[in-house]
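Participant: Chain A is already provided as a structure; the job is to place chain B on it using the hints.
Here the protein sequences line up with chains A and B, keeping their order.
Each residue of the first sequence is one higher than the one before, counting from 952 in our numbering.
Each residue of the second sequence is one higher than the one before, counting from 126 in our numbering.
What the hints contain is simulated information worked out from the structure, not anything from laboratory work.
Where is the CB? At the ideal position from N, CA and C, for every residue including glycine.
Check the hints yourself; a few may be wrong.
Claimed, not checked - Derived, one-sided and incomplete: chain B residues facing chain A with beta-carbon distance under 8 Å:
1) GLN140
2) GLU141
3) SER142
4) ARG314
To be verified - Beta-carbon label-pair distances, calculated as ranges:
5) B:ILE309 to A:GLN1008: 34 to 42 Å
6) A:SER1083 to B:SER245: 24 to 32 Å
7) A:SER1083 to B:PRO307: 36 to 44 Å
8) A:ASP1001 to B:LEU136: 35 to 43 Å
9) A:GLU958 to B:ASP235: 27 to 35 Å
10) A:LEU1057 to B:ALA289: 52 to 60 Å
11) B:ASP232 to A:ALA983: 40 to 48 Å
12) B:ILE285 to A:ASN981: 47 to 55 Å
13) A:THR1114 to B:GLU313: 41 to 49 Å
14) B:ALA289 to A:ARG961: 46 to 54 Å
15) A:GLN1008 to B:GLU304: 40 to 48 Å
To be verified - So these bits of chain A aren't anywhere near chain B, every CB distance computed over 10 Å:
16) GLU962
17) ARG1015
18) GLY1092
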Amino acid sequence: MNLYREEQFRELYEAYKDKVFRLCLGFLANEAQADDLFQDIMLKIWNKLDSFREESQIGTWVYRIATNTALQSIHKQKKAKETSAPLPAEMAEIPQTSVDEGDPRLTMLKKQMATLKEIDRLILSLLLEGCSYQEIAEITGLSMSNVGVKIKRIKERLRKKLTHHE
Amino acid sequence: MNDDLRDLQELWQGQESHTKDVSEMIQSLNAFEAKLKKEKRRLQVLFPGTMLFLLALTFLFPMSIYYLIGIGLIGIAMMMILLLVYRNSYPNVSPDQDLSNKEFLQDTIDKLKGRKLITSRYMYIYTFLLVLGINLAYVEVLQEAGMIFRIFSHGFVTVILPIANIIAIRKREGKNNKELDPLIDQLERLKLAE
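The following block holds chain B by itself, in its conformation from the complex:
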């Protein structure tokens, strides 16, 4: 039996692990956060820039209440997304302090879930407000234009813009599921192992 055991030991010890390193997960989290930081910087420029441009128009040309309500809605929609992006940001993950901290793990899980919610819920609200805002602003802006052009412009904003946005949102949701779900699962497991 001892010879058999030695043979079995040799066979047994020939098996190697092919599991993921914990640091791989830390890398994924930090890489994902870096990507979002870039996106955040883009939004920081794009949103205020758009709002300034729209407000500048009110000083250059006398605008009616429709236009003001319209750009107000666009502003609210942009602010909502910007605030949500900020609220769901987390600092770089440090393996020493964070992975042994249950609160940190839960917080990161909540923030990642919050990120998913921005796409799956708030981007639809954003699209709705944007369409409504642009349509209201167009009432004023296109006042002098011909009827056909006005119908075409309102139709484009009401039909094409939401369709394009919904396609983009769906794509993003798929990407989120692929990138964020494994991270959330892994963090959940780490939390349980605590």
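If we strip away everything but chain A, and leave its shape as in the complex, we get:
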């Protein structure tokens, strides 16, 4: 049983590590923080593996855990900041981006993601992973129509920025 669970986790880890890591990166932008969040998510997946029911897609289940953990981590960070020195509102909202030496469009995309609201950052990350509107709705717990509206706004905003950038 233990070996089966370990094997199941290893397979899942191999299949989803990059996707979950990108979600963390899209959410936090800073690689070191994304690393921490990634480990928290993987541990939660490990702990909850027994509670996975075959009725939902494993991918949706993994993303749901990742999304919830990411949102919880941001709330924890906010709480911690409230008890320490206050930051200006915009600084508290926007994560610090790490230096990216890759494709300039990717750097631009990450910069734009960092300016979005938390939930929009998650929706865009899921969209970039190729999730359908319905999957995004299932993962985030939002209605399909709400997801549609949000994606439209995000795309519009990105289009403007990317056109402006070119």
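Facilitator: Same frame as chain A, but now just chain B:
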């Protein structure tokens, strides 16, 4: 925009994770424990062996109270370290049972911190007791020796032995910080993620 999005998706999905596997941490913990088990076995032989040798001397030669107090102190110092090593041991980490157990995580963190404390605090006490014990025993053992030899022997035990021990302790502290601190941090994070 849809073409742009597809391009961005391709770019986005080209990013790969380079993060550590949870099993890597389990391996580090178990490797560290295996190393300590070896050390424990060495202490199990070395400490009683030394004590038996010192006690045997009291049967072979009539010894005074200084000698007995001296070997008593050495014995107490060795027992203290042996007990602490035992108290801060943990069984092999099994990912199935242990990493989802908050109490286990806390216990392992405490034991790893305890290990650090053996080096950073108790090894100094051990050195002090050892120096005191050997010096007291030397009062008896070196009774017949010349004054210069006695001064030299006491001086060696009082100065050189502590210096050598302190150098070894400092080295060990550095090694502990390098090996144990990342493990403690990781376990702390796992505990918070629970």
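Participant: Hints first: check each against the structure and report whether it holds.
Facilitator: Now for the hints, and whether the structure bears them out:
1. GLN140: Holds - the Cβ of B:GLN140 comes within 8 Å of chain A, reaching about 5 Å at its closest.
2. GLU141: Holds, about 5 Å.
3. SER142: 3 Å, holds
4. ARG314: Where the cut-off is 8 Å and the nearest Cβ of chain A is about 6 Å from B:ARG314, the hint holds.
5. B:ILE309 to A:GLN1008: 34 to 42 Å: With Cβ atoms ~37 Å apart, the hint holds.
6. A:SER1083 to B:SER245: 24 to 32 Å: Cβ of A:SER1083 to Cβ of B:SER245: about 56 Å, so the range 24 to 32 Å is violated.
7. A:SER1083 to B:PRO307: 36 to 44 Å: Taking Cβ atoms as reference, A:SER1083 and B:PRO307 lie about 40 Å apart, which means the hint holds.
8. A:ASP1001 to B:LEU136: 35 to 43 Å: 37 Å, holds
9. A:GLU958 to B:ASP235: 27 to 35 Å: Holds - the Cβ-Cβ distance for A:GLU958 and B:ASP235, about 31 Å, lies within 27 to 35 Å.
10. A:LEU1057 to B:ALA289: 52 to 60 Å: 56 Å, holds
11. B:ASP232 to A:ALA983: 40 to 48 Å: At roughly 28 Å between Cβ atoms, A:ALA983 and B:ASP232 fall outside 40 to 48 Å, so the hint is violated.
12. B:ILE285 to A:ASN981: 47 to 55 Å: Cβ of B:ILE285 to Cβ of A:ASN981: about 51 Å, so the range 47 to 55 Å holds.
13. A:THR1114 to B:GLU313: 41 to 49 Å: 46 Å, holds
14. B:ALA289 to A:ARG961: 46 to 54 Å: For B:ALA289 and A:ARG961 the Cβ distance comes to about 47 Å; the hint holds.
15. A:GLN1008 to B:GLU304: 40 to 48 Å: 41 Å, holds
16. GLU962: 13 Å, holds
17. ARG1015: Check passes; 16 Å lies beyond 10 Å.
18. GLY1092: Check passes; 21 Å lies beyond 10 Å.
Violated hints, listed in ascending order, are 6 and 11; each of the other numbered hints is respected by the structure.
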